[in-house]
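**Q** Next come the chains, spelled out residue by residue.
2 protein chains.
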Amino acid sequence: MRNYKLAIVGATGLVGRTALKVLEEKNIPNIEYTLFCSSKSAGTKLEFMGKEYITKELVESSFDDGFDFAIFSAGAETSKHFAPIAASKGCIVIDNSSAFRMDDDVPLIVPEVNFQDIINHKNIIANPNCSTIQAVVVLKPLDDNFKIKRIVYSTYQAVSGAGKLGLQDLENGPKAKNFSHPIYDNCLPKIDVFLINRYTKEEMKMVNETRKILGHPNLPITSTCVRVPVSNCHGESINVEFEKSFTINEVTNILKKSQGIIVQDDIQNDIYPIASNSTGHDEVFVGRIRKDYSIKNGLNLWVVADNLRKGAATNAIQIIEKLIEENMI
Amino acid sequence: MRNYKLAIVGATGLVGRTALKVLEEKNIPNIEYTLFCSSKSAGTKLEFMGKEYITKELVESSFDDGFDFAIFSAGAETSKHFAPIAASKGCIVIDNSSAFRMDDDVPLIVPEVNFQDIINHKNIIANPNCSTIQAVVVLKPLDDNFKIKRIVYSTYQAVSGAGKLGLQDLENGPKAKNFSHPIYDNCLPKIDVFLINRYTKEEMKMVNETRKILGHPNLPITSTCVRVPVSNCHGESINVEFEKSFTINEVTNILKKSQGIIVQDDIQNDIYPIASNSTGHDEVFVGRIRKDYSIKNGLNLWVVADNLRKGAATNAIQIIEKLIEENMI
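Which chain is which? The protein sequence lines are A and B, in order. Position in the first sequence counted from 1, then plus 172, gives you the numbering used here. Position in the second sequence counted from 1, then plus 172, gives you the numbering used here.
Hints are supplied without guarantee of correctness; some may be wrong.
No copy is singled out in the list; a pair is fine if it fits within one copy or between any two copies.
[Claimed, not checked] Derived EDC-like pairs: lysine to aspartate or glutamate, alpha-carbon spacing no greater than 20 Å straight-line: (1) K468 <-> E415; (2) K349 <-> D438; (3) K463 <-> D364; (4) K223 <-> E197; (5) K228 <-> D275.
Keep in mind the hints are simulated off the structure, nothing from the lab. Remember, predicted model here, so these are calculated numbers, not experimental data.
Bound-form chain A, shown alone (with noise of 0.2 Å):
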């Protein structure tokens, strides 16, 4: 069996430190790992995989020692001017930035919903928009059974999505400004900048990316999101219409037997997806699953996932697992 070197750059960000966590449970053979970091962070120590590891100062020369993967969670302005040069190095590069999602030759995967859309990459791999990334999990199978016409979604995005910042403003109260306006007991209908077409870009990504993922690109999709003061973990409130008909014991049983899901959906017991239950999990969590009686097929769902890891970190490491797993490095 053959080793792989593998680069975890921003490893002292939030995601970047999620992906150490994921990395250590998953504990994949024969990986060596670097750790790389902004000039700023350079020389932090880590605790990692039982040893202690030294955090590099990222440069263009870094991807000279011959990296068979690098993940990238360090913002969009580091993945613009490093993925590259590591593309081109011949290390395959899974970028956790918007910088390259919607680039054609770029695939944008979710490994449950698209693997083989990863054929024919250039090195580079984008990993999808935490929100993104937890609907999609859930409503492939409906799509591929009902086939979607319409999303509607509004989101309850943590806080974690915005880095250690966005942490630090909900700890720090009412005074705390790393956001437009305090999160703290406030609900922020703005996450990202905003566009000329009055979404934020956030909500263009969700639209955007579903569509990629999917592989439909013209269907109809609006998102409005949303920041709530909670620390970790997205939920969701999706609104979707098929083409064909349903029966609420069919969705569940699809979305059971489906990969990455967990049904929680036990009303009568109070069980359903919640933050404080899906922190810490890979796995998307969805219950109130319903018929929306407002329109023919319609359905109503309550999607949570943990958006440091399957919004992000785990995502990225499925995808590397994968491509050694399917002999495609």
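With chain A's structure known, arrange chain B on it following the hints.
**A** Using the frame of chain A, we list chain B on its own:
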């Protein structure tokens, strides 16, 4: 000018205390107040209108004193028992509970929206559910202009909607359990009890009360109601489809001209409705006004209001003011 006698039933609860605050601010002339509460809280001293009031226990003979009005905010059971007694003695009851809202001979009133429905009331007038009130204030003028075809609600509801125990749970952190799960650091997709159709009672209140207030008994509406860790002011992501076409400018101008609404939609300057700016106000705040491009004549809105004020106390008091103003007593 004649004098009026007004009973506040449930004066020591969150909505009751908010009613006292709103009444002090409005200082409606020629009103004499009596404050009622449960036997448990009877004798509580409350500073109100510059003097000390002592709350009285509500008993069946309480309404023998010839009240003109009563505001009931003591839960559905108290309303079911005492409101008919008050009404039979000539007192006009404005009932904040869900006890009578869907009764055919009980008008369900939001003054800006359907005050005309109040004629022929039989001394019980229902105050709608908090989350419904703020939605219909915004939807009514749009329905008048563009005719609503379908509504998809997703709510972000504050803990004050669950009374003092709700606020306590949020303050007490992860161990508190007045809700079915800790609200601290969680969004809970359950408000009120579950019904046989898998919706919560809160979700069906939004569906049924919106239909009744807008006067469209079969309007297609679906709803997902979620409690969020915010102390006061409900948020709502409202997706609405109209019969007629519209421009965003038209929608914005109509909302700006409508009663009881403040448009906050200057995204360049990060101005949109948030709880901390809406608390203590009687208006309904609306922003994030944008086309839903996934459907013909689709619109997305973000609506925030103080659920204790416009969602409960203020709306009830506005009904009384208007009855006096229109010489309907």
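**Q** Looking at the structure, which of the earlier hints fail to hold?
**A** 5
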